[in-house]
Amino acid sequence: GAVVSQHPSWVICKSGTSVKIECRSLDFQATTMFWYRQFPKQSLMLMATSNEGSKATYEQGVEKDKFLINHASLTLSTLTVTSAHPEDSSFYICSAPRPGLQETQYFGPGTRLLVL
Amino acid sequence: AQSVTQPDIHITVSEGASLELRCNYSYGATPYLFWYVQSPGQGLQLLLKYFSGDTLVQGIKGFEAEFKRSQSSFNLRKPSVHWSDAAEYFCAVATSRGTYKYIFGTGTRLKVLA
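Going down the list, the sequences are from chains X and P. Just add 43 to wherever you are in the first sequence, counting from 1, and you've got my numbering. Just add 23 to wherever you are in the second sequence, counting from 1, and you've got my numbering.
It is possible that some hints are incorrect.
What the hints assert, rightly or not - Partner residues are not named here, just some residues of chain P that face chain X (Cβ under 7 Å, in silico):
id: 1; residue: 65
id: 2; residue: 66
id: 3; residue: 67
id: 4; residue: 123
id: 5; residue: 127
id: 6; residue: 129
As the list claims (entries may be wrong) - Under the rule of at most 30 Å between Cα atoms (straight-line distance), these lysine-lysine pairs were calculated in the DSBU-like manner:
id: 7; chain 1: X; residue 1: 109; chain 2: P; residue 2: 124
id: 8; chain 1: X; residue 1: 98; chain 2: P; residue 2: 124
id: 9; chain 1: X; residue 1: 98; chain 2: X; residue 2: 57
Unchecked claim - Listed next, the stretches of chain X that the computed footprint assigns to chain P, with coverage defined by at least 3 CB atoms under 8 Å from CB atoms of chain P:
id: 10; stretch: 82-90
id: 11; stretch: 148-159
Since the hints were made in silico from the structure, they are not lab data. All residues carry an ideal CB built from backbone N, CA and C; glycine is no exception.
Hey, can you work out the whole structure from these sequences and the hints?
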């Protein structure tokens, strides 16, 4: 079964509004989670590393004020797309490494965001 | 800079035929390599991984991959494809040990003909 969940699975919002996406590890604790963005027919691009109890680390070119990440507990990370615009429409995927499994991550099912 | 290339965007095979999906990487040190499969509505599922040792790696669902350092390749193979294998396949490399940061290839979409 799924070990990493995301909510919602899809969301449509108006331009200028903010959208929050949740990522949960279901049966293990994750001090680190990752957020990826996937454009249609393209690869997954790492956006940021979410660290429990500390600030997220963003990849080059990712606006930290646009994509707010909060990792408030060992099983939950949230990504908030602030003041969303149509160009933010994409498929957002989170992942979490499972302790004890070397270099292996579990991925959530993704959240499709459409900004009108 | 590290990179992963999957030369084939789409591949179509008949059910029961053999399959090979290509993956080439660019990485200075010994890479940690992965193959994931993505089906609609589901998260990426790990098929197999290579860290060291035997260069032929066995995975789930009858898949295997061979690491060839001389060719900087990590191609995925399956002897006999099933209709349920139709999905998107991603090759990935971990940028460094312990960080879990991946670089993904652009993916190969597999279509299986009945």
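### Task
Check each numbered hint from earlier against the structure, then list the numbers of those it violates in ascending order.
none
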